[in-house]
Every structure is written in C-alpha cells, then in structure tokens.
Amino acid sequence: MTSDINKASSRQVTNRIDVKWVNLIPYLTLFLLIIVTGILQPKIFSLNWLGIKTDAVLTLVLATIGQTLVLLIGGIDLSLGGVISLTNSLAATKMADNLPSMVGISIAILAMGAFLGAINGIIIVKLRTQPFIATLITWSIYGGIALWVLPTDGGNVPQRFISSLLARPAGIPVSLIIIAVIVALWLYLRRSPFVSSVIALGSNERSAYLLGININLVKIQVYALSGFFAASAGLYRTALVSSGSPTAGNGFILISVAAAVIGGTSLAGGKGSIVGSIIGAFILKLISDLLIFAGISSYWSALFQGLLLIIIIAAVSITELVKRQEEIKR
Amino acid sequence: MEKVSKSFDDVKALVDADFIANCGEVHALLGENGAGKSTLIKILSGAIKADSGNITLSGKHLFLRGPSDAIRLGIGTVYQELSLIPVLTVADNIFFGQDSITRFGRVSIHTLYDHAQELFERYGLLEDIDPKATVGELSLRQRQLVEIIKVIARNPQVLILDEATSALTEDDVNWLLKLARQFADKGKIVIYISHRMGEVKEVADRVTVFRNGSNVGVRSINETNSDELVSLMLGKQVSGYFPVKHATVQNKIALQTRQLCLGHALQGVNFELRWGEVLGVGGLAGQGEVPLFLSLFGIYRADGDIFIDGKLVKINKPSESLRYGIALVPEDRNTQGLISRLSIRENMSLPILKRLTRYLFVNRREERRLVVNVMKNLRIKADRPDILVMNLSGGNQQKVVIAKLLLTEPKILLMFDITRGVDVGTKVEIFNLVRGLAAKGNAILYYSTTIDELVNVCDSVVVMHDGRIEAELNGPTLTKENIIRASVGEKVK
Amino acid sequence: MRNIILFIKRNRVIVLSYASALLIFGVVSIFRPGFGSISHLRVILMDAAVLGMIALGQTFVIITSGIDLSIPWMLTSSAIFLTRMSAGGNSNLFIIIPIILLGTTTIGLINGLGISYLKIPPIIMTLGMNSILMGGLLGITRGSPGGAAPSAIEHTAVGTVGPIPVIFLVWIVIIAIATIVLTYSTFGRRLYAIGNSETVALFSGVNVRLVKLIAYCISGFTTGLSGIFLAGRIGQSYLGMGDPFLFQSVIAVAVGGASILGGSGHYIGTVAGALILTVLNGLLPVFKMPTSAQQIVYGVVLLAAIMMTRNQSLERG
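Chains as they are written, first to last, in the working numbering: chain Y, 1 to 330; chain G, 331 to 823; chain A, 824 to 1140.
Simulated from the structure, these hints should not be mistaken for lab results. Treat the hints with care, since some could be wrong.
[Stated by the list, open to error] Okay, derived cross-link-like pairs now, DSBU-like style, lysine-lysine, Cα gap no bigger than 35 Å in a straight line:
(1) G:LYS390 x Y:LYS126
(2) Y:LYS323 x G:LYS644
(3) Y:LYS126 x G:LYS647
(4) A:LYS1111 x Y:LYS94
(5) Y:LYS323 x G:LYS462
(6) Y:LYS323 x G:LYS757
(7) G:LYS531 x G:LYS684
(8) Y:LYS271 x G:LYS379
(9) G:LYS770 x Y:LYS323
(10) G:LYS379 x G:LYS641
(11) Y:LYS271 x G:LYS462
(12) G:LYS647 x G:LYS706
(13) Y:LYS271 x G:LYS823
(14) G:LYS770 x G:LYS684
(15) G:LYS823 x G:LYS810
(16) G:LYS647 x G:LYS757
For reference, chain Y alone in the conformation it holds in the complex (with noise of 0.2 Å):
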C-alpha cells in the first residue's frame, strides 16, 4: 500500500503534461513581458534601462536565491525577512564615510548574515523543528532586534557607498554584473557535490542518507547561504534606496517564494535552478512595472502578487495531482 494516499482522494484527471515543456515557461513569459514593454515603452533597449531595472530588483534577486536553495531542500525561510530588516538597519547606522569602514562593515555583515541563517539550521536539526516554525522565531527575533537596531526609518548611509554599488563602470551596471557572475557561479557550480547533495537531499532524503550524504550538516549550510544571500540583499538594499528601515524584510518574504516558484523551483524540494529564479523575479518586477504604467496605484500590488502566487501555486499543485495519478496506475 502506498503512503500516498492523497493521490487518492482527487479527481482523476486524463491528460499528461510534458514535463520538459513545463520548463520553458519561464523564459517564454519573461520574453513576452519584454516585447509588451518594449511596446508600451519604447525607451526600453538601452543599457540604462536596463541598468534601472536591475538596481531595482536586485534585493529580490538576492533574497529568491537564498530562498531557493532552501526550497531545494524542502524548507522554507521565512526569516530572511528579519534577516534583511537587520542588515539594512545596521548598515544605515554602522556605516562611516571611509573605505575601511564601508568594506569592514559590509564582510561583517554578510558573514552575520550566514551565521543568522545557520542558527536556523541548528534549530531545525537539533530541535528537530518545521522549517517554518524555526524561521518564524528568528525572523521574529531578528525583526526585533532591527527595531532595536533603528526604531524609524532612516539611518545615514555614506555617499560613497551608495555611489559605488549603483556605479556603471563602463556604462555596465554594478547589478547587472553581480547578476552575471551569478548566473555564472551557478552554471559552473550546477553540477558540484555540493549542489547535487542539496537536490538530492530535498528530493528524497531517505535516498541521501542512504548515500552517504550528510544530512544535518547540508540543511545548516543552505539555510546558512539564504542568511548570506539575505544579508547582501539588506546590504544592496541600503545602497538602492540610501537609508534603513527595521521592517525592511517583511514585504520580501513571500515575494521570493513566489519569484522561486515562477522560476521553476518545487515547494517540495528536489527542483528548481537559481536561474530560474532569477527570471521569475524579473517577471514579477515587470509585472508590477506594468500595472504601474497601466494606472493601477501600487496600492494593488500586494493583491496581485498573492493572487499570482496561490494560481501558480495552485497550477503546480494540480499538475502534481495529475502526476501522481498517472503514477498510481504502472
């Protein structure tokens, strides 16, 4: 007898989806978001524009990738909030106007950033707790000590820093290159122990202990990258809009779930590419752009962002339920 019974208690659906169709999605949204810009704004081919959109969504970028891997393995980080509120809030108070500072503070607060995730991890394995209600108690505590931190918003960052991190060296982006070499990273890394060890872990855990694979210590080191990928998100975060804010992080906690999803990523873990990911947060940042043009007040936008998020959720579930049809039946 199979222990998903689940499967069982839905309709049975006939048709098949293609899996590797399925894959292409996001790319063939993000194109088609493209081309209904470019239409409705021809300004749109220029390296400036370009470099506009990626200064704008490069703290999502960042956040969808440390929640990513962590869907890889089949948690979820919710703390990225308060992780982000934090680091946003100590670089806006921290910072002094010279070199040694501005770098000083920044490695500081990226390596706190990775130790702040990695008591995640230590949560979750040694108390043997549900990803979500151990990210739900740091994210609490660290929100809290973001308010402590910098109780308004405000803070003062150094020109310098603010200057350098939106730079266009050469007319190219800073964010647009820290994207690229990413998105290299990523490609090179795709097939590294480590990366296979993450996915091999979120898709069956019984099969990677089997293996060999160390279990406990591969969930503390992801949850320890997203508190990393958090941190440099609060950190850009400061550069982009030259000031912190102790709630900083909230709005970006389900925002980089559903970015992963669009891209790809399973919330059962096992599926997903950073790639994708960061194509699925482009697709959202469009699509609020869009709605914004369209003379819808961003007032809405929370509203569209949760119904897209249950209807691609829901899409997925449904696929899965069809799968999970088609498989009870071999």
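Since chain Y is already given, all that's left is putting chains G and A on it; use the hints.
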C-alpha cells in the same frame, strides 16, 4: 584466500545475532518477513546503529557512524527499496559522490555519460539504458539495474544484495548471479538476500537462516536441501497452529468483480467471493494486490464493475464502502490503521462515529460499552480502553485494528497481510477469528505473503500476476507449489 | 486525586503556562504595585480576551496540522468594514455585523478549498490570501485611516459588569463552547484524528477534506468576530492593526501545548498562552523596554514552547 569473519551481537529486532561470511564466497541470507535479515544488513551498511554487539572486517573492528562510513570502507549495498534520486540522471546517480571524477568541484557531463556507457558495456548489461535519462522516467526493472551497476562500479569489498532481483526478468537474474559469482571469485564477500530459493541454490556457497531475530543455522549449500532450509525458516510448528477448516462456504456470491481495471496496475480482475468463504489472494509483491484491495475499499477508483450480493454498486470513497458493509484491515497499522497517540477507545470509535453521534456529540457511554465488549471478545490485553495504543504490543495493536473494523459490523472483510509483525500466539488467535467469522457467514478476502497461511487458512486462493488473476486454486489444486508456480506465471499442476 | 495527577502529567505544558502567567504576574506585582491593581488586571483580562478570541481559529486550524496566516488582514478587513460601514453609529449594526462575518467566513472557505481540495500548502494559501486582502484593502481605502468604531461595540469591548470586563465574559462563553466542541463533539474527534494522521482518518471513513474545510471556515468566522471586538477595544480601525497578531496567535497556540504538527492541543491551552503573552506584553512598559524587545521576547517564548512540546512528544514516543 584470507579468512574474513564478521560477527554481530544484537537485541530487539536482532537478538544476539551472529553472522560470519568469508572472502571469496557468496553467502545467502534466508528468513521470513520480520526474521531480522533486513535489520542485520542495514546495520552492516551503516543505515542503522546496533544497540550492542560489534562488527569486524578482516580482523579490524568497524565503527560505522553512517552510510558514508560504510561506503568508504568498501561496503556496497543494493537496497531493496533502492537508493536512487529520481530527479537526477542515470549517470549522476551512478557516480554520485565519487571524487575521482570531479575536477575543481565541477563534474564534466560528457565524461560522465561516457563512463556510464563504459560501465554498462564492461558488465554486459542486457538492457540499453540511456545515461542521460532521469531515473524518474525509468521502469522499476531499469531502476533496479541502475542501482546494481551503481554499487558494483565502486568495486566494494563487501557486496550486499538485498532482494536485488525483485523486478528483474529471468535473463537479468542470470546475469546478476553470474556477476555475483565473478565478484566472489575475485576474493570479495557477497551477501545475497532473496526469497527465491531457486536463485539461492544456484549461486550461494553457504546459507545462513534467520528466524525471530537470531541465527538458527548455517549450512553449506551442497550439504542441505530446500526442505531443510524451509523448515529452519519456519521453525517447529506449534501444534494446532492452523485451525481446522470446517466447511463454511455457502453458495451465494457475496462480492464479485468484473473487468476491474486501473491503468497498468489492474488489468481486468475478475473473481467471485462467496458468503462464508475465506478467499486467499497470493502472488509476489507489486502484482496488483494493493490496488485491488484499495479499489474495493474506495481509496482508489477503478474502472469496471463491482457487485455486492448481485447488485451493482459504485464505491468512490471509504465511507461508501463501509456503508455497503465492506471493511478493510490495512497493511500498515502504524500509518494506516492506528493513531498511536490516541487511546484504544478513540481509535476504535473512529469509523463508527456517525452511529455514536447524538445531537452532534459523541455518546460516550455507548462508545465505552461497544469498545469494552469487543476488547473482551478479541481478548485484547489492556486494562482500560483509555490506554494509549502506542503502549500496546504489536500483536495487541493488530487486534485493535481488527476490532475497530469489526465494530463497523461489516459483512465483507478485506484483510491485508494481517499477521505481519505479530507474535505466534496472536497469529493463532487471528486465524481462529478469521475462520470463526467465515462460519458466521461473513465473506473474507485474505491477502498474505506467507504461503503456508494461504494454504491452511483459506478455502480457495486466487493468485495475482501482472494485474490479473493468474490462477484459481482450491481443493486438490490448493498447494504451496501451485501458489508459487502461479506467482511467477507458470502453469499449475 | 490520582486523576488530577494524571491530568497534570499529561498536560504539563498547559499547567506550566498557567502557572507561569500567575507567577510572572505575582512577582511583578510585588515590585511594581500598580501592576497588580484591579484596573490593570482588568486591562490584562480585556487584552487577553481579544487575543484569545483571535487565537481560537488558529487553534482549530493548527490541530488539523495546518496554519492560518491570513488572520492579520482578516482582522483588519473586519475592523475597517465595521468602522466604515457603520460610520461610527449604532444603526444598521444588525445588518453590518452578519455581513462582515459572512465575508470572513467566506474567506476562510476559500482558504479551505485551496488547501483541502487543491492541495495548496497552508502556508502559501493563507499567506497569499493575507497579501490579497492587504492589497485589496489598501487599494479600496487608498491608505486613508479607517474611522471610529460604533459606540455600541466600544461599550461592549471596554465596558464592565461590576468589576469584570464584558468582553472577558464573552470570552468565557466562547471558551466553554470551544472546549465542549473539541472535547465532546464528533467534529472534534474527527479534527484530532485528521491532525494526527490523515491517512488513518481516510481509512476510517472520515471525510478528511470536508473537516479541514470546516476548520478554516471556523477560523474565518472567529477572526471576523475578533476583528469587531478589536475595533471596539481600540476604539477605531487602522491599516495594519492586525499585523502583530500573526505571531501572537501562533505563539499563544504553541505555548498552550499544541504541537505545530497537529493532532494535539486544546483551546484551554491557548487560553493560557494568551494570558502569558498578555502579561508579558504588560511587562515591557514596566521595565521600560522598547517595543523592539516585544518581538524578540515573542521569538524566545515560541522557542521555549517548541522545546517543551518537543520533549512531551518525544516522551510519548
């Protein structure tokens, strides 16, 4: 050849178990379900830690903290449930975690595919498997072949094959047996676990038999025969172990299926179950017995017709099935039959809540009365119905599951391997219970992996193979040999 | 006597929570006499009642091993619709209140449909719903403030019968109903069964999907009701007023001994959790701690609760 020895001392699933295998031999491990073979092997492969005892390899003590230690020390295991990652490709799975191919943390794809192809050729794989395909796309047989290649390719010192042939064709099996022999001849240790006596006789040098968690005998293959091995496996039978089969079968048909289909799993199942009959269902695992039972209970929705007492019925969910008087005693009491955190009473009343409800509230007095009553009838060893189920023994827990379904006042019972993991004494009680129910006129569909049970408890037996009923056996044709023959698709005598 | 000891042993966490609440309250009262005064006690009971009502829906949902993260903006929606539609007056309340309750129950229904029938993970479904409600409400109100609560509601929420706050009495009634339902009703039995093992429940003929759906509908209903009381308690409504209750509801349930994995716990425990949180909230101004400490304290409390229930479930095997 160096003499290699390994010994275990263990408790619980394994009670002070010893096991010794030598270099250069294929050593078979036999035993019924639950005898301890899998536990032993899992300890050796590092998946489980023993409570006590030790392992030595070539005189050296082994401390295994996990599977990675075992793999590193040269213990390779082909697992019964397979250890593949479905989303990764065949090649990725085969070379998973091997350092020799990585350069600068990156693994070249093409090298992997070529290496995989090379391996297939080197070991003479009978099937053309595409190294680029994801394991999830492969059939069960192909996956098993991949798992075997994966383990062999690492050239382990100790090769453990745990039911490695369950999905293989006859040619595949011969191929594997040849490979095992070659391995042993090279001086390695091969441990071979299988239910199939034929394979064991062909390939093994020595055999160890386990029963109830201990080693009950080691024999050289040419100094023993099937009968002796089987009797070692089953042990001395308790006198009166099986109940006397009174004639209880009536003429009227209780349950009938016509062309029951469910994709590949069920391919046109037709059978008739009479009132007062215990109809056994036999066959190897995965031949459709699970889908059949689940379809009859409404967990799956199969195509085809089901008739109860001659009337066509539609069963779409378990509550409908219960309403028609059909009850299922499921395979796994831990995940399907009982909620261990709740009390006996709360577990038993779950299916009959509707009957016990008075103005939206549970009639506690009636609940208690019914539960205490059935506890007495089935002789469930517990002081009060409020005791948590998790505190009961396995045999008692199984009785609680049966009792729970009996409370629904079923006329047709679907019993799926209900004596698994149950002690001998309780088994006898259960056999008598089943016959008793038949005597009262109930119709029982009885699936068991123990052939002895099928022959001795059931009036007739249908054997399933490839989603169909392969044979119907009763009277003179109801023999152990015929069940086995039909299970593998051969004609019965 | 033996029954009492057995009861205490089985519900260690709940008893501990009540004891802690009393202890903290007692200790602080000694050091800060104002803390233990009747008027302050009244405030504590009122706040606990509101939190307790909010956490009721969460309790039911968590027992089914789900979670309801749409509570914050369901609260806010309920409160804002109350203040807007009533424009601060008491007429039409007989129509307005049922409409609000119908609305939030429908939201719960949608949550339940997505979770039960489409198998969308509860976290995603309810978090997404929360976002939808936030966007919708922001869009409709364009960020403008909500308005004042009708006096009838306010009086109910803040008024007293003798020394006891009215709202606390309402809460007592709700506690009684919830406890009876969870302990003695058929629905309660099915709820716990599903939370422990959906598979076993399915094999026992329980309509798993329907029961889960009802749990989320209940959550919608009670949250709508709580939103009305919340508006009365504060005297007004404003955007984002429901946000703090996301954590607080989950923590109250967890501190009350329910396992986040479902299948265990009771509203009585959540009540204890609500009391502890309210007392702790009152501590902050006493020791002049900033509001940032509140969040940190919440996280620590939840952590402690998790560690405790983990021990309990480990013990049970």
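Verification of the supplied hints:
1. G:LYS390 x Y:LYS126: 33 Å, holds
2. Y:LYS323 x G:LYS644: 25 Å, holds
3. Y:LYS126 x G:LYS647: Outside the cut-off at roughly 40 Å; violated.
4. A:LYS1111 x Y:LYS94: This hinted pair holds, its Cα atoms lying about 25 Å apart.
5. Y:LYS323 x G:LYS462: Given that 35 Å is the threshold and the Cα spacing comes to 22 Å, the pair holds.
6. Y:LYS323 x G:LYS757: 39 Å, violated
7. G:LYS531 x G:LYS684: 55 Å, violated
8. Y:LYS271 x G:LYS379: 31 Å, holds
9. G:LYS770 x Y:LYS323: 44 Å, violated
10. G:LYS379 x G:LYS641: Violated, at about 54 Å.
11. Y:LYS271 x G:LYS462: Between LYS271 of chain Y and LYS462 of chain G the Cα gap is close to 17 Å, so the pair holds against 35 Å.
12. G:LYS647 x G:LYS706: 31 Å, holds
13. Y:LYS271 x G:LYS823: 52 Å, violated
14. G:LYS770 x G:LYS684: 26 Å, holds
15. G:LYS823 x G:LYS810: This hinted pair holds, its Cα atoms lying about 11 Å apart.
16. G:LYS647 x G:LYS757: With Cα atoms ~30 Å apart, LYS647 of chain G and LYS757 of chain G stay inside 35 Å; holds.
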